[in-house]
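Trainee: Listed below are the residues making up each chain.
There are 2 protein chains.
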Amino acid sequence: MAAALTESQLTARHRPTLDQALKTIGTRAYWSPHPEHPKAYGEQGTLGPAEGKAAFDALLGTRLDLDQPGTDGWVGAETSPYGVELGVTYPHPDVDVLLPAMGAGMRAWRAAGPELRAAVCLEILSRISARTHEFAHTVMHTSGQAFMMAFQAGGPHAQDRGLEAVAYAYAEQTRTPDTAEWTKPQGRRDPLTLQKRFTPVPRGISLLIGCNTFPTWNGYPGLFASLATGNAVLVKPHPRAVLPLARTVQIARDVLAEAGFDPNLVALAAERPGEGIAKTLAVRPEIRIIDYTGSTAFGDWLEVHAHQAQVYTEKAGVNTVVIDSTDDYRGMLANLAFSLSLYSGQMCTTPQNLLIPRAGISTDAGPKSFDEVVTDLAGAIESLLGDDARAGGLLGALVNPEVRARLEAAPDLGEVALASRKIDHPEFPDAAVRTPLIVKLDAARPDDLAACQSEWFGPVSFAVAVDSAEAAVDLLRRTVRERGAMTVGAYTTSEEVERAVEETCLEECAQLSLNLTGGVYVNQTAAFSDFHGSGGNPAANAALCDGAFVANRFRVVEVRREV
Amino acid sequence: MAAALTESQLTARHRPTLDQALKTIGTRAYWSPHPEHPKAYGEQGTLGPAEGKAAFDALLGTRLDLDQPGTDGWVGAETSPYGVELGVTYPHPDVDVLLPAMGAGMRAWRAAGPELRAAVCLEILSRISARTHEFAHTVMHTSGQAFMMAFQAGGPHAQDRGLEAVAYAYAEQTRTPDTAEWTKPQGRRDPLTLQKRFTPVPRGISLLIGCNTFPTWNGYPGLFASLATGNAVLVKPHPRAVLPLARTVQIARDVLAEAGFDPNLVALAAERPGEGIAKTLAVRPEIRIIDYTGSTAFGDWLEVHAHQAQVYTEKAGVNTVVIDSTDDYRGMLANLAFSLSLYSGQMCTTPQNLLIPRAGISTDAGPKSFDEVVTDLAGAIESLLGDDARAGGLLGALVNPEVRARLEAAPDLGEVALASRKIDHPEFPDAAVRTPLIVKLDAARPDDLAACQSEWFGPVSFAVAVDSAEAAVDLLRRTVRERGAMTVGAYTTSEEVERAVEETCLEECAQLSLNLTGGVYVNQTAAFSDFHGSGGNPAANAALCDGAFVANRFRVVEVRREV
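Each protein sequence line maps, in turn, to chains A and B. Take 1 as the starting number for the first sequence in UniProt numbering and just add one per residue. Take 1 as the starting number for the second sequence in UniProt numbering and just add one per residue.
Bound-form chain A, shown alone (with noise of 0.2 Å):
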């Protein structure tokens, strides 16, 4: 069958996006292909939000058949975090059929080289890009995140991040020529020459084991780095998030079959309810490489039990902010308050413990009590929330019961600064819609730096009393060492403090975000720029992306010769 996307077609359409992808991780400056607004969206073969929103309906009640081989049944039981049943259906692999049939595409796809790899991979997000208002909805509907942030976090830069991976590994596969001629002078002698072939090859099959929270945002970047550089991806969704990530490989097959590549190089394993499939699926010998995001216990089961495969793993951290003194207060607590309240603190990289001088902090509104800290900052989360509607599109919904059980457990920690407060979904009146709890705790109380050393999952953030600047430097250290983290954040107009936090960091290896208080917020990271997680400390053996998030994915083969 000719392919009905040429080589040339596919390299011409997306070689200058590739180029302009390498050229920013080097200089990590803004850039994005992807449009972040949605009014962006509906014209050159993009959906609109109607039409994305009635894509997203359609799909609702189905069977989504991906024609996969090896299929057993179907399986599906997703409820969305708004209330709503989606009632989509999904092929239940039987992996004894499944995994040989995906091996069969990867000599073809191997020789395709990098170039081509990265063009259909470019091709794939261009499709999902296109369908960049199908997908928020898909997003919102499986993590609970607030349409804006589905779209946002879900579409672009869920793609940017994908787009990222797939520059990476182009890069790296290209770091050795395609060949070389090799000849050593002999003094008198002639010389020896060889004439010398490398190509990247392929480990085998990759697992993407993907969230509950990001499907596509964390899912993307392992599902490219492999796809890209060669290997066949297998991808086993989180139950509760199956949609988004389904959508996207048959989007996958589909390209992959257009443009002359066996669509079995893209498969979903779905799972019967309780069925565990990831923790046969990792042991298995076919499956060399696996990308996680998840519960810390079990990201540390597959980097012990899966010596097949190359593991990559976002578990679970502690993030801490070091609040020391500040020239803009209320735009520290603006900050703040945001980065708590977004998506009701459901984000890896959502700050947790808030350490905070007992004797206070100085500010450029005067010196602030500790009591007078946490209650501006309740303060400033409940005028942030004040309109339930605009708290509604901030918040997003609770992802799951656990969330829900944890937050209604915090209150018994220590005294309450800022109760949790359920809001009304004026279209969703199912929703777990609930403000961020605040709950100050005194490192000097065993019980107390005991809870705040474990993570507590969600829109619970503790205020936590230090003896001193040095001392909230100490527990960071403690925390990071011994929990991990994902990000820290800090606030100080002293040099003293702000390079104890700098060097924290550095030698424990954690992302710092240092006195932000305009609109970037600590929890949020940028394709291209930010490193997600630094893969330096227990929260994550992997950032996003790196030469090490893709350089281990593929071997070079020589083969050489006598010219």
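Note that these hints are calculated values from the structure, not bench results. Positions of the beta carbon are idealized from the N, C-alpha and C atoms, including for glycine. It cannot be assumed that every hint is accurate.
Quick look at which bits of chain B chain A covers, simulated, 3 or more residues with Cβ under 8 Å [to be verified]:
{"no.": "1", "stretch": "60 to 72"}
{"no.": "2", "stretch": "187 to 198"}
{"no.": "3", "stretch": "404 to 417"}
{"no.": "4", "stretch": "516 to 522"}
{"no.": "5", "stretch": "534 to 541"}
Got chain A; can you put chain B on it based on the hints?
Mentor: Just chain B now, kept in the frame of chain A:
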């Protein structure tokens, strides 16, 4: 204390060499700054032959005091494979004292940055290069290599591999700029602007577990890759091959101190007989990186148990040469004879199984039966090694009694096509010098097949009769997949067979040398151009040297602030 070697001196001296190395790993053409010929040394501060020998002799019977903290005794019992007792003793570490001391200098070493670290590493290599004659004797009298091989492989070639690792490490660390300004447009509002700083940070202490046969060649890549990326390096040599690495450590400590850094960034961990200190060190929490060359059993153990570390292993494999046909029969025989003889087959890259169709092969000298090929190869080896002095200069000595025991057991496996012969070394009467043994096996017999699917490290190879070229390729595939391979060779004039072998090597991830009949041998790889191992089959999980070998030895910490 002012540094005796300033940053500007170091970078001025070594930047051109670094730049040339960076260029060459991109082109993979021939290059080396380290002369291969013994006569090239003796001027410009380098030791000549007599000075090198005198320096080695002066080491014998001494205590090599490295002035390391936490030394709780002196150990060392090296006996040269040539029969000489070295009598050198080394500090034995109290690791509870030594490991913390090694961490003390890491902050300053991190702050030095990639360029200065590279320059310090190149200064170390250049001091080692100046003492190549001395190192040649230390390698000869620990590995059993003949002098010329110890000189070249233990000297310039090892230094090349170290420099290559430094170049990869530098390139990887400087892919991300030191700083970036990120400005994101916000429509009519002011853009968001962040200042970002990116710092490569080390993982911790790196453990190098050295091997008996190539202490410097196999040791330098990991040592210099880790040091150049900001880590401290603890060197645990093989108990029979301490001296070359101990001298390396001593020189590294001198250079570090002269450059104003803590010499404890590089330290030696020599062990008591039977202590097995590598197993203890490998799971210490301070050890975050491990480089290992040695047995498959311990390499597998490290990969499974040292979870706290990045583990890079070169283990053992079974190397195959497919002999299908040739248009240069004499060249093929001469090339293979040399490959099998060099260092008595004690290279991880030496071919073991020669797969030959039982119906014989076609050659430019007419068709040759299986027996003729084997007899002619035996004859080529006998003629290569007919002169005892020349033979000694090629073979070296058996590195340890285990190799000798295997050589003595191998004739029981089948019909001996070429018996091993003892050679009297003119200078060292106690040296165990043996010529290669070739045993005929038949892949159709299960016992024969089992025999050739095990590694017989040393001067043992098997001429294995197979049904056809196709059967040879099948057995090659199975061998690489199940046992691993550092090298694959093939001789064929058939495009079809060539394609089949090539495809097998691409699929099973093995490095292939085709139709070598001249002065390049399947068991030799050149730094900057050839990859040593693939990292994609069971023989090794890493290749020397590529991006994956360096990219995860450090992490990048980002600090961002509003402008």
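Trainee: Now tell me, hint by hint, if it's right for this structure.
Mentor: Hints and how they fare:
no. : hint       : in the structure
1   : 60 to 72   : violated (count 0)
2   : 187 to 198 : holds (count 4)
3   : 404 to 417 : violated (count 0)
4   : 516 to 522 : holds (count 5)
5   : 534 to 541 : holds (count 3)
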